[in-house]
Amino acid sequence: MRVVPLVMLALGGLAAFVALIVAPFYLDRFRRELSRADEIEGIAHELSLTFARTDPAYPGSTAFHYPFELFSRGVEQTCENFIGGTIGGVDLIAFDFLYRQRVDSDGEPGNDIRSEPIRFSCAIATVVGARPHVVIEPASAPPPDRAGGEPVRLEWGDFNARYRVISPDRGFAAALLDLALMTWLVDEAPRLPLTWEIQRDQVLCRAPSLAPRDVPTFLHALPEFARRIGAAASG
368 MRVVPLVMLA
378 LGGLAAFVAL
388 IVAPFYLDRF
398 RRELSRADEI
408 EGIAHELSLT
418 FARTDPAYPG
428 STAFHYPFEL
438 FSRGVEQTCE
448 NFIGGTIGGV
458 DLIAFDFLYR
468 QRVDSDGEPG
478 NDIRSEPIRF
488 SCAIATVVGA
498 RPHVVIEPAS
508 APPPDRAGGE
518 PVRLEWGDFN
528 ARYRVISPDR
538 GFAAALLDLA
548 LMTWLVDEAP
558 RLPLTWEIQR
568 DQVLCRAPSL
578 APRDVPTFLH
588 ALPEFARRIG
598 AAASG
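Counting in our numbering, the sequence shown runs from 368 upward without gaps.
Treat the hints with care, as some may be off.
What the hints assert, rightly or not - If you anchor each label on the Cβ, the simulated ranges turn out as follows: (1) Pro-434 to Ile-485: 32 to 40 angstroms; (2) Val-470 to Ala-528: 14 to 22 angstroms; (3) Trp-523 to Leu-559: 18 to 26 angstroms; (4) Val-495 to Val-470: 37 to 45 angstroms; (5) Glu-436 to Leu-546: 40 to 48 angstroms.
By construction, these hints were calculated from the structure, which means they are not laboratory data. Positions of the beta carbon are idealized from the N, C-alpha and C atoms, including for glycine.
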């Protein structure tokens, strides 16, 4: 009987068909990733900053040095497209942070299904002093993406309409966000979906996967923010 060879032939044909359908998708994504890296590298060089396509230390390890919840998300984390250097007198590091989520599991090894990579553009600077945790996020952020906690309501309605402020130390958050900082955030900060997060002496600016054309604006925003909290209250 030739049943087994026929079955194997059919399975082989099915696999080839699936590969024919799926391969172009992954090839296109691979090309986009290469193009993104090339564009970001060019931007880094234009700004006289360093660039590395992969984590200079070890894949995914750089993010673990920083005390932010984002970097603990998912079951698989990767850092890529690193930029480093000084802008406006502020030392910074920026990178793409990607993570995958487990979307299905039947408990059997090797049978976990993971999501497509979720990408964030991240930039980090160190500031003088130690501060309680504060998150300043767009008021329009979808509920699943919002920081947990009751928002701190400030005295400027235009600011409250644009941002949500979350902190376990509400008094400190109100002191940190003085009129000068709120004015900058409302009137001068880039019109990008940026979330600002402060933890101890670290400042994180992040946004869902920014296009390369927005990266220069993103990078210049962090020193502006960091300088404005440099003289503000510290814990």
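To see whether the hints hold, each was checked on the structure:
1. Distance hint for Pro-434 and Ile-485: a CB-CB separation of about 20 angstroms, inconsistent with the stated range 32 to 40 angstroms.
2. Against the hinted window of 14 to 22 angstroms, the Cβ-Cβ separation of Val-470 and Ala-528 comes to about 35 angstroms, which falls outside the hint.
3. Look at Trp-523 against Leu-559: about 21 angstroms separates their beta carbons, and that is inside 18 to 26 angstroms.
4. At roughly 42 angstroms, the beta-carbon separation of Val-495 and Val-470 lies within the given 37 to 45 angstroms, and the hint holds.
5. Remark: the range hint 40 to 48 angstroms for Glu-436 to Leu-546 is contradicted by a beta-carbon distance near 29 angstroms.
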